[in-house]
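S.K.: Using the sequences and the hints given, assemble the complete structure.
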Amino acid sequence: AQTVTQSQPEMSVQEAETVTLSCTYDTSESDYYLFWYKQPPSRQMILVIRQEAYKQQNATENRFSVNFQKAAKSFSLKISDSQLGDAAMYFCAYRRYNNNDMRFGAGTRLTVKP
Amino acid sequence: DVKVTQSSRYLVKRTGEKVFLECVQDMDHENMFWYRQDPGLGLRLIYFSYDVKMKEKGDIPEGYSVSREKKERFSLILESASTNQTSMYLCASSLTHDTNTEAFFGQGTRLTVV
Chain A
1 AQTVTQSQPE MSVQEAETVT LSCTYDTSES DYYLFWYKQP PSRQMILVIR QEAYKQQNAT
61 ENRFSVNFQK AAKSFSLKIS DSQLGDAAMY FCAYRRYNNN DMRFGAGTRL TVKP
Chain B
1001 DVKVTQSSRY LVKRTGEKVF LECVQDMDHE NMFWYRQDPG LGLRLIYFSY DVKMKEKGDI
1061 PEGYSVSREK KERFSLILES ASTNQTSMYL CASSLTHDTN TEAFFGQGTR LTVV
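Protein chains in written order, with my numbering: chain A, 1 to 114; chain B, 1001 to 1114.
Honestly, the hints are just simulated from the structure, not real lab data. Predicted model, so just to flag it, every value in this text is computed and none were measured. Glycine included, every Cβ here is placed at the ideal spot set by N, Cα and C. A few of these clues could be false.
As the list claims (entries may be wrong) - Between beta-carbon pairs, the in silico distance windows are:
1. Gln44(A) <-> Thr1015(B): 24 to 34 angstroms
2. Ser7(A) <-> Met1027(B): 30 to 40 angstroms
3. Lys113(A) <-> Val1052(B): 47 to 57 angstroms
4. Thr18(A) <-> Thr1015(B): 41 to 51 angstroms
5. Leu1011(B) <-> Lys70(A): 36 to 46 angstroms
6. Tyr1010(B) <-> Leu47(A): 17 to 27 angstroms
7. Gln14(A) <-> Lys1018(B): 43 to 53 angstroms
8. Lys1057(B) <-> Gln56(A): 29 to 39 angstroms
9. Ser30(A) <-> Asp1028(B): 43 to 53 angstroms
M.R.: Right, dumping it as structure tokens:
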């Protein structure tokens, strides 16, 4: 079974600075998707960014970018110019290509200090 | 916008009660999921459904059942609630597996079993 590991239960960052959240996963597949989700205190989970494993280029969405290292099975999330609204739980998720279910890590709680 | 709606945000039930958690999505998604979220464990898949009347067990199906009689509605049933089922329950939906689309989540139901 695929597993997703987030080794940082909590992280904090100063407003306007950069923070990187780590994620590793275990799979024998070559085709899959990776996602970062954000869960603010209001609890609605929303997608931050996604990456297809066949793409070598790292995905970027405004202040959010990933460092996807396929050989190392690593998928970290970088948040630049952190804002107070970035404070949330962040979950890394994996979905195998041609498969329905998604697997999540344990989450990282990010605190943003003003 | 995709909307996934869970019938209750908070529920308190007694041990031994039969509990129904309801989820409705409005975007004609094929897949629907029930996850359980616990601190330090992330999201764990209970059941998912890829079509009406179809279901597959996830990682922790024991003590739960599901029903999908209509495409837009996916119900999670606790046949006889126990205190170890006190948790946050998240419903999600997505398009079929051959796309890279993400899952869309409901706001969650905090269930307390006393």
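S.K.: Give a verdict on every hint.
M.R.: Here is how each hint holds up against the structure:
1. Gln44(A) <-> Thr1015(B): 24 to 34 angstroms: holds (30 angstroms)
2. Ser7(A) <-> Met1027(B): 30 to 40 angstroms: About 35 angstroms separates the Cβ atoms of serine 7(A) and methionine 1027(B), which means 30 to 40 angstroms holds.
3. Lys113(A) <-> Val1052(B): 47 to 57 angstroms: holds (48 angstroms)
4. Thr18(A) <-> Thr1015(B): 41 to 51 angstroms: This hint holds: roughly 48 angstroms between Cβ atoms.
5. Leu1011(B) <-> Lys70(A): 36 to 46 angstroms: Cβ of leucine 1011(B) to Cβ of lysine 70(A): about 42 angstroms, so the range 36 to 46 angstroms holds.
6. Tyr1010(B) <-> Leu47(A): 17 to 27 angstroms: The hint (17 to 27 angstroms, Cβ to Cβ) holds, given that tyrosine 1010(B) and leucine 47(A) are roughly 25 angstroms apart.
7. Gln14(A) <-> Lys1018(B): 43 to 53 angstroms: Since glutamine 14(A) and lysine 1018(B) have Cβ atoms about 49 angstroms apart, the given range 43 to 53 angstroms holds.
8. Lys1057(B) <-> Gln56(A): 29 to 39 angstroms: holds (35 angstroms)
9. Ser30(A) <-> Asp1028(B): 43 to 53 angstroms: 31 angstroms Cβ-Cβ, so the 43 to 53 angstroms window is violated.
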